[in-house]
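Spelled out, the chains give:
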Amino acid sequence: MSAPDLLIVGGGAAGLSAAIIARELGLSVELLDERPAFGGNYFAGAGNPSAGRLGEGYAQGADLLRKANGPRMHNGAFAWRIEPDGKTYFIDPASKVGRISPRRLLIATGAQERPVPIPGALLPGVMYAGAAQLMLKTFGSIPAGRAVLVGSGPLLLLLAKQLLGQGAALAAMIETTPRAGLLTTARSLPSALKVPALLSEGLSFRSALRKSSMAWHRQASGIFISGRDKAGSVTFTDRHGRRHTIMADLILLHDGVIPNDHVARQLKCKETWNPRQHCFNTTVDQWGETSRKGIFAAGDCTGIWGVEAARRSGEIAAIEIARQLGFINADERDRRAAEPLRQRARQVAFRPFVETHFPPTLSRAEFAHDDTVICRCETVTAGEIRLAIRQGASGPDQLKSFTRCGMGPCQGRSCAMAVAEILASETGQSIGEIGRHDIRAPLKPLPLGQIATVRDAVEEIVA
Amino acid sequence: MTQQNKPASSHFPLYRLLSDAPGGIVVDLDGEQLAAHSHETVASLMLRQIDPGQFRRSAVSGEPRAPLCMMGVCFECLVEIDGQRNEQACLVRVRSGMTIRRQFPRGERQ
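Protein chains in written order, with my numbering: chain A, 1 to 463; chain B, 1001 to 1110.
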């Protein structure tokens, strides 16, 4: 069993930035990432030779990957159980169980797509926009047939621009983003203007789309997907109240992203409901330390702050960890952290603008029809969840035992937010009070035989 | 109600590669030999090789399902890889000689 100064779970923007700084300061670092290559979602495929075609910002990822490269950086390694003292059980690509006992732990598990439970979303041929972006960035692949983009958020606009630029056939963009009120824009614009590069990037997406021949519907509603064994069309109401049906082979859904926070939840780190982001945020201090001493979290797994903020947060956490372990003193920490703290504050100031313009739309489960499936794994509908609530299920854990919602292989990654939203609308409680079901190890289903290969590990866990 | 497009073609993969360089890795998908690129995952290979309606069926409902997120979250891409069932195809990189079996309830094959 290794015992590094710092173990990082997640090799995206935050995790890699933390690894670089921690090693510079003299710490021994180990990193686990479940994917076959580092970079997370934002810098996925940044190490590939073809990465340059997606622009300069993305090319920075190659630099990050090169600097972070080093010993004890594990790909295809999944951390499935973490003790409050940071001791971590993982499974490596050869399906062997390993253990690491670090002096400090940094959770940097990034974001996931905000799950979208709408009619027809279970059909093959329906994917999240992030999936299509990963197909492009990681594997140099684009939609083969006609694709339709549906939903709301900056990523949807960026993806449309990227796919059109690569020659993909996009049949339509069906945007559900509500019309921005002047007052809300006026309120959030001053802080957004502090980051002009992000604002002009957003405007460039829209102007690229206007120049294309793709049909672009705004303020769409009433969306459903039809098909027999796979998706064939998407139907919606446009802003003039007209119904449309558009045929498509691939329907790409997006309604923003939320923290990928199962590790922090398994550790029962304190979290708070963020109404503007409409998701839970792991509670961290300015250095990234969670409510559990010695356990840090950085990047989008703590709240959606964007890639630049994630990089700075990773650096800030590494600097404070170095201070806690005696590699640097407090003065040195403050000197080194000043610039990343300042840069992060600018990035965070931009978020209210994005949050105001792209509130959740498609994903809002409280508006789901009774026959819409909420739990993909166990095929539990909104109606079954509402019935269980009326029969007395008062919280997410009870709903899980009543309906099996959240009990499948994804362990609630797709349904936890929807369950909270339905509970809130049925009971009148706030989502913050309701919370989500408990997350227990193993964080993903593992064959029992693999856990049993490490006899003393089994004894430790059972004991 | 307006009908904007002709019906979508009935049988072909969801994705295609931008480059036409041949893949150097050969894997076995249900008895068929497929050429793959060294950096791709089982899920990305299948998405550009087979019809999405033929990816797998849910063990619970029997309905067809296919990859949704490609980032390890949704568990819709489960396949059998080298004898191990329920592997997340989006997280496993292809290897020469790898055997991939699609999963259908009760041993039923498409």
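Read the hints as simulated data drawn from the structure, not as lab findings.
Mixed in with the good hints there might be a few duds.
Below, computed lysine to aspartate or glutamate pairings styled on DMTMM-like, alpha-carbon distance capped at 25 Å [said to hold, decoys possible]:
| hint | chain 1 | residue 1 | chain 2 | residue 2 |
| --- | --- | --- | --- | --- |
| 1 | A | 161 | B | 1080 |
| 2 | A | 293 | A | 426 |
| 3 | A | 444 | B | 1080 |
| 4 | A | 293 | A | 331 |
| 5 | A | 96 | B | 1082 |
Of all the hints numbered above, which does this structure not satisfy? Sort the numbers upward. When the structure is compared with the hints, numbers 1, 2 turn out to be violated.
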